[in-house]
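Student: Sequence:
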Amino acid sequence: MSSSEIPIDIQSYSRYAARMLASRPALAEALPTLAEHPVDARWLARRFEAITGTRLTPPDQPSGVSGVDEAVLARALRILRVEALCAVMQRDLDGRAELSEVTEAMSALAEFAVQAGIAVLSRDLEAIHGVPRNAEGERQTLGVVGMGKLGGRELNVSSDIDLIFLYEDDGDTTAPDGADAATAGRLRLLSNHEFFTKLGRKLIGLISELTPDGYVFRVDMRLRPNGDSGPLVCSLPMLEEYFYVQGREWERYAWIKGRLVSEVASEPGRRIERLLTSLVQPFVFRRYLDYGVIGAIRALHEQIRHEAERRARAKPARINDIKLGRGGIREVEFSAQVFQLIRGGQEPELRVRPTLAVLGVAARRGWLAQNVAEELSNAYVFLRKLEHRIQYLDDAQTHILPSPGDDRLAVARAMGFPDEATFMTVLDEHREFVAGQFDEIFADKANGGGQKGAGAGTGDCECPPELWSECLADEAQTGDLGNQLTRLGFNDAEGALDRLRAVWTSSRYKALSEISRRRFDQLVQRAVEGAAGTGEPDAVLGRMLDLLSTISRRSSYLALLTEYPRALERVVKVLAGSRWAAGYLISHPQLLDELLDDEALAAPFDWPSFKTQLLLSLNAAGAAGNVEVQMDILRRAHHAEVFRILLLDLQGTLSVEAIGDRLSELADIIVDVTISTVWPHVATRHREVPRFSVIAYGKLGGKELGYASDLDLIFLYDDDDDRAPDAYAALARRFVTWLTTHTGAGMLFDVDLRLRPNGLSGLLVTNIESFRQYQFREGNANTAWVWEHQALTRARFCAGDETIGATFENIRAQVLATPREALALAQEIVAMRRKVLEGHPNGTKLFDLKHDRGGMVDIEFTVQYLVLLHSGAHPALLRNAGNIALLREAAQLGLIDTKLAEDAAAAYRLYRKRQHKLRLDGVEAARVPGADVETERQAVMALWDSVFADAGPV
1 MSSSEIPIDI
11 QSYSRYAARM
21 LASRPALAEA
31 LPTLAEHPVD
41 ARWLARRFEA
51 ITGTRLTPPD
61 QPSGVSGVDE
71 AVLARALRIL
81 RVEALCAVMQ
91 RDLDGRAELS
101 EVTEAMSALA
111 EFAVQAGIAV
121 LSRDLEAIHG
131 VPRNAEGERQ
141 TLGVVGMGKL
151 GGRELNVSSD
161 IDLIFLYEDD
171 GDTTAPDGAD
181 AATAGRLRLL
191 SNHEFFTKLG
201 RKLIGLISEL
211 TPDGYVFRVD
221 MRLRPNGDSG
231 PLVCSLPMLE
241 EYFYVQGREW
251 ERYAWIKGRL
261 VSEVASEPGR
271 RIERLLTSLV
281 QPFVFRRYLD
291 YGVIGAIRAL
301 HEQIRHEAER
311 RARAKPARIN
321 DIKLGRGGIR
331 EVEFSAQVFQ
341 LIRGGQEPEL
351 RVRPTLAVLG
361 VAARRGWLAQ
371 NVAEELSNAY
381 VFLRKLEHRI
391 QYLDDAQTHI
401 LPSPGDDRLA
411 VARAMGFPDE
421 ATFMTVLDEH
431 REFVAGQFDE
441 IFADKANGGG
451 QKGAGAGTGD
461 CECPPELWSE
471 CLADEAQTGD
481 LGNQLTRLGF
491 NDAEGALDRL
501 RAVWTSSRYK
511 ALSEISRRRF
521 DQLVQRAVEG
531 AAGTGEPDAV
541 LGRMLDLLST
551 ISRRSSYLAL
561 LTEYPRALER
571 VVKVLAGSRW
581 AAGYLISHPQ
591 LLDELLDDEA
601 LAAPFDWPSF
611 KTQLLLSLNA
621 AGAAGNVEVQ
631 MDILRRAHHA
641 EVFRILLLDL
651 QGTLSVEAIG
661 DRLSELADII
671 VDVTISTVWP
681 HVATRHREVP
691 RFSVIAYGKL
701 GGKELGYASD
711 LDLIFLYDDD
721 DDRAPDAYAA
731 LARRFVTWLT
741 THTGAGMLFD
751 VDLRLRPNGL
761 SGLLVTNIES
771 FRQYQFREGN
781 ANTAWVWEHQ
791 ALTRARFCAG
801 DETIGATFEN
811 IRAQVLATPR
821 EALALAQEIV
831 AMRRKVLEGH
841 PNGTKLFDLK
851 HDRGGMVDIE
861 FTVQYLVLLH
871 SGAHPALLRN
881 AGNIALLREA
891 AQLGLIDTKL
901 AEDAAAAYRL
911 YRKRQHKLRL
921 DGVEAARVPG
931 ADVETERQAV
941 MALWDSVFAD
951 AGPV
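Residue numbers for the sequence shown follow full-length UniProt numbering, beginning at 1 and rising by one.
These are computed hints drawn from the structure, not numbers from a lab. Here a beta-carbon is modelled for each residue, glycine too, at the ideal position from N, C-alpha and C.
Pairs of lysine to aspartate or glutamate, DMTMM-like flavour, derived with a Cα cap of 25 angstroms: (1) Lys510 to Asp498; (2) Lys611 to Glu628; (3) Lys917 to Asp538; (4) Lys198 to Glu70; (5) Lys917 to Asp661.
Between beta-carbon pairs, the in silico distance windows are: (6) Ala931 to Asp492: 27 to 33 angstroms; (7) Asp921 to Asp492: 15 to 21 angstroms; (8) Gly533 to Tyr244: 38 to 44 angstroms; (9) Glu374 to Asp419: 25 to 31 angstroms; (10) Thr486 to Gln892: 56 to 62 angstroms; (11) Gly839 to Gly652: 32 to 38 angstroms; (12) Phe776 to Ala931: 46 to 52 angstroms; (13) Asn371 to Tyr244: 36 to 42 angstroms; (14) Gln651 to Thr486: 30 to 36 angstroms; (15) Ala925 to Gly533: 29 to 35 angstroms.
Using the sequences provided together with the hints, build the complete structure.
Tutor: Set out below in structure tokens:
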């Protein structure tokens, strides 16, 4: 049952409303009209004008407040507050206002009071002390930052407001522009700091002092730098220094919601808003994933909960504190904002303030299960509505549920329930869910929480695990550690000790903070235990120590692995599973975060959603004009998906063919997104959407991309504008730069452009019609011509303009279907095979899976020959379906023997699997003992001899 189903008379429900309406008959009469529309900035401005007869404008346009002095303003704001609260209460209790309307209405009232106060008080102070200016003579204004719920536009109906006062820079007041000498001589000039301190004090009094008309808001200034002991106002340079010298973790949490609530319509207002944003964002949102914040929020919450419990012991009714108690509003806020602090530096989408908006982003991005986000959101809305109904009773700043009796029954009915019992059952369900989710997120998993503690399983070593770093300095204890390592299965215990000793005596380790050193020690001990459980403990321990050394100076990564032992277990599996995977993780430690995401590993690949989210993040960064951030976003997104594929690969859940497909699909998206992101940065662009396409050759063209494969690409355009060649050449150059540049997040791909028309001597971009003419040029029957057509068998439209892509596919089909003389084509391909073999000599006794006779190249050349010779008669061969599928197609068409095709296809599949495994093990040249693949080699040679019998030897 909803509250709208139960008619509620606010005078009978709220003792506060009853008093106000009884003492203000005109308000009682006008309330139905006032409550017809939501209370917003326009509503407040209209009512203020009706009360005072004037409008408000910024302080540099004083004419609009000439009829309002401080006393008139103080009374008007208090009248306005009563009207607004009664209108909001009426709309809320009769079901016309959602939670967001209520909280935004109260936030708008607070902003209006602050801006009105600054407008009037600044005018009055400037008449006495002059206009505050910086060293360049620019007018300065008081910047008022709303923190907490005011900053998030989530203010409750009886809330205080947390404020911080700022000004742009030091300077002094001067006479107003155009002031005569006599006026200027009467001014008592002040420093900017003195001026804004006076203004701040007067603003606090204007808003918070209790008068016969009441008050507007209670004002809390304790969140300013250095709290109550700090100056009332501070300059932006002082704030910047404070952030980087003294700023604490809880202050990062507080500043998430920080928002300028003073006016930003004037140039001074816009300037201070812009400068403040540039200071706050890097302080709050760290560049790297920041799991260290979990412990800080946990500690902050423990302090809050302990204080709530202490108060409850002194006054038992406080046990029902729906804000600070277990399962209360604060725990929902913490559960949402932890995502912002951890990920906000990399995900601009998370830099929003309202709690419900954060939960929505977390669910949409898969960081929080959809049902969990919905339950938390429902609980938050329920608790906030309940908070308001409690406060409506007496306009008291309380979050304590009334004791059983008339008030609790009234609250229950105002929440839409028929009785206390039903209401309490639903309330308890919400609080239990919130508390359980909070405990799940913030449980100290490194020290209990059902997880095995550091040093577990270390056997009977006399040296305590937490002191291993010190034990290595003692010869007797070092020997004991060596014995311990031997018992754990290490083949080279002395080598392991040397590696441990090198880590613990390094300057990098000695430079760590105490908490980071403690975490590092725990992780090293767990690394020893984890490596002992693998097939190669010595190698895995070495890789693990390399990783820990890499991340040691990033406390957030140490915190991640300490907080989440499950992530550490998966790290060990990755490091044990593949040398290449180990190197990839060490090179991109931000991927550690992916090891927590069970749902992402289990979920099917959703490339459209991935692309949409990637574009949202890129556009958000682009709006701020930050190219480097955009490049890093691309890299992190690509690395995360590659790592996800790699994890599935190591689990054995993806075939080699599926891996090639997924990596190729991912590359297509990265290429396409890069085009659309780069184009706005091209200064010579002449249209909103480029008529430009990327064509993939080689492994990407054949959808057989590997983890470290480069991209063979060409660029085509179809645009008759005279500016097009230069614009698209600039786009192509910038595109290649974006893909190949090393940034702090690594790089994306190496790009090979040698397959474009006329190779390296050709134009970087080619008009589609020129490409057609090049492919059909006459009189050219040299080897390069055939080689280009061989390459074209594995080419496809990759990204960009789809119309150009379709035109390319038509050209490709026409070229491949061109009639050819069988023997001449066979001889040229055999000659090309001979050149490839000569270019890849193998001086070992091992068999090169790719280049030796009977290897992968023989299969690929055979397929290319069949496509070039028979596509005209058999269009099915034009499909870029991969070598295995095309062998099967050729056999079904009767072009080759079915048994030969099946055996060669099986050989190709085995070769790719063996090559893939060797590459993951870090082996550059994929070579194996010949006896291991003799059957497959003979099958490939049999197919080759059958197809090229008349073309001569290789």
